[in-house]
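These are the residues of each chain, in order.
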Amino acid sequence: MKKWIAMLLLSLMLVSTLAGCTPAATTPATEAPAAAEATEQAAATEAPAQDVNLSFFTGKVETIDLLDEIIAAYNAQSNGITVEQEYQADASNIIKIKFASDAVPDVMTTYEQEFVDQGKYLPLNDMSQWWDRLIPSMKESCTDLASGNQYRVCTNMTMAGFFYNKQMFADLGITPATTWEGFVANLEAIKAAYPDVDPWFIFGEAWHLGHLIEFFPQGYIKAKYGATAAKQAFLSNDSSILQWGSPDGAMATFAKNLVDLQQKGLINADVLTATSDNCIDAFVTGKAAMFSNGMWCLSGILEKNPDMADNIGFAPYPAMMADGVPVVLVAEDSGYSIYVDSPNKDAAVDFLTYLFSAENMKKYSEALGSPSAFTDVTADWAPASVVSGVSDAVKSATNIGFTNEKPAGFSGDDAGRLVQDLLAGTYTPEEFALAYEAAWNAGF
Amino acid sequence: MRHKRISWAQFLSLPALMLYGMFFVYPLLRGIGMSVTDWDGMGEATFVGLQNFIDFFHDARAMHDIKTTLIFALGSAVLLNVVGLCYALLMNSDFRGKSIARVVIYLPAIISPLIMGYIWFFLLQPGRGFLHYAFAQLGMTDIIGSWMSSYPSALLVLVLVNVWQFSGMTMIIYLAGLQSIPSEISEAALIDGASNWQRFWRVSVPMLMPAIRINVVTNIIGSLSVFDVIMSLTEGGPGYATESLSIYIMRMCYGSRTGYSTAVAMILFFIILIPVLVSMRFTRQKS
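Protein chains in written order, with the working numbering: chain A, 1 to 444; chain B, 1 to 287.
FYI, nobody ran anything at the bench for these hints, they're computed from the structure. Model, not experiment: these values are computed from the prediction. A hint or two may mislead.
[Unchecked claim] Ranges of calculated distance between the beta carbons of each label pair, as one might list FRET restraints:
| id | chain 1 | residue 1 | chain 2 | residue 2 | range |
| --- | --- | --- | --- | --- | --- |
| 1 | B | 53 | A | 306 | 55 to 63 Å |
| 2 | A | 383 | B | 112 | 37 to 45 Å |
| 3 | A | 61 | B | 115 | 18 to 26 Å |
| 4 | B | 46 | A | 78 | 47 to 55 Å |
| 5 | B | 27 | A | 285 | 49 to 57 Å |
[Claimed, not checked] Interface residues of chain B toward chain A, partial, derived using beta-carbon atoms under 8 Å:
| id | residue |
| --- | --- |
| 6 | 41 |
| 7 | 127 |
| 8 | 149 |
| 9 | 256 |
Ideal placement from N, C-alpha and C gives every residue a C-beta, glycine not left out.
Just chain A, same shape as in the assembly (with noise of 0.2 Å):
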């Protein structure tokens, strides 16, 4: 008798082991014969598009509530397409165990030149529904160079640059500075004027400071060369254009710089321990004058101060070098992709049409805090000072684009490692430029 419950349980776990191991089915459970069912789940697999479920993956916090929102409503209109929304804070990590695993969603917000590389997402030239609304300049960020075609649609636009004072600096009479002598003239008279604030307000966190990179060192080569040029020279590491190990090159001027400013007391002492929440406690209460970040961080200063609407400045980065121009980042932000293996290809363009609609949009790009991409939406993404001082400086500054072409093995967070290491005093500036150099070789 113990035999056979022991038998018993152990059929049970095996089946329920083996269950827990096969693919999702969508199937109803019925008792059917076993070979019927066979034919019933080949059959779904071939049929069109029924009861599909749609898996969309997505690493922007910002967005989850107004996605929900927006998906609940689509997934009413009983299409038979349901969406499930899944968010991961460490998604651009994830979503390579999900590649890995073959366990790949049918839409999601990551996005990867290595993926590209690999063909991993579905071409989307032909959606003449959504270029046609686009910016131009988006349309062409979202260009892959190589193969010249587009793998994903931008919905948002971000810049990035300088968060002022505002009050600050009309109280010394200062405005922002286009050269990098004018730019640490400010940053000293701040310091004059205000022993208690740092001047300029640097947190440690790797993405923050891999982000200086993209903006100073980097920016100087897509401004010097122009994205295209630059985005060749990246793509094929060209180090007659790259120099990054170069004494005099972009890479260990910028070190230089940096290193400079912290001896001279112009950046915060805590840099290498201070988090983005620090940096901006500081500067909405005044105990930082300026710092470097993209539009994402405007929601988080008006909800700690939003009597600080009318005094966000915003500047573009000052030239680092003597034959550099003054830039600012103008991006493409908040890509959906469609993967090109998936079974859900139709599902997924309608769902991401669904939600490219111009009333979805506006409220995108209210919750995201950055202006839409598409020409036909209007909405209130910021402050109206803060749009006038965003649209001032995009106006006069080189726009540059994010660095989407770095080697695969050496991310953003990887450099910003690197430069935790130049501020902690392990390399001197000309060292630091080729530590890089070698880690981005290596990286290829």
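With the hints as your guide, set chain B onto chain A.
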């Protein structure tokens, strides 16, 4: 034809063996296969022989990470055992509030190291943390300093936080060992004129050998594979200064070097295995 009948015990062990095979043996074999390829996690894998293992020993960052991991493990294992034993000796004596003290010491061990790391970061954050403010009130603003700005100080903080968290667990094992020592032995030593130190060193320590073995082995395994407390407290920084081998493996895996990272995981397995075998053999001889 003869059928060999399996025993009742063998039959009942089948589910456990199946789970072991599914979740340990199979991944291990896959890992061994993966470690000799250049697989990037998505594309086709190409056989590269032992190149990943050779590359590892030529990677300065990896060598630094081994050093960091070993220092962390050595520092943690020694301190955890010393502090845990001291706590156990204290808890083996009689004093008021002993139960509360025992709970307080043990409590951190049941909290996730990741959460504990974040809590300690906000306590220790230079210039901003709670302890900075507390010491500033006492006029000692620089007592914490910028511990993250140098390798030794950042590593020391990591070891101390790890010891603070897990010494309660070590204490419990030592306490159980101390309480299992028959009081007659200690009393006999006392009658023979042994001092307190002699009774501890000559009687208690040899009788504690099984507890020492368990503690040393578990502490070495735990400390050599440390991941979460470092990620939450320093993220392996500044730069890669306090990066452990486990964090290196994770970053290599996500950095499109999945085959290589699996090879490093194999190396870490042997790095953990060697001191564990040595310490087990040593303590077995002693006991």
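- Against the earlier hints, flag every one the structure doesn't satisfy and list their numbers going up. Checked against the structure, no hint fails, so every one of them is satisfied.
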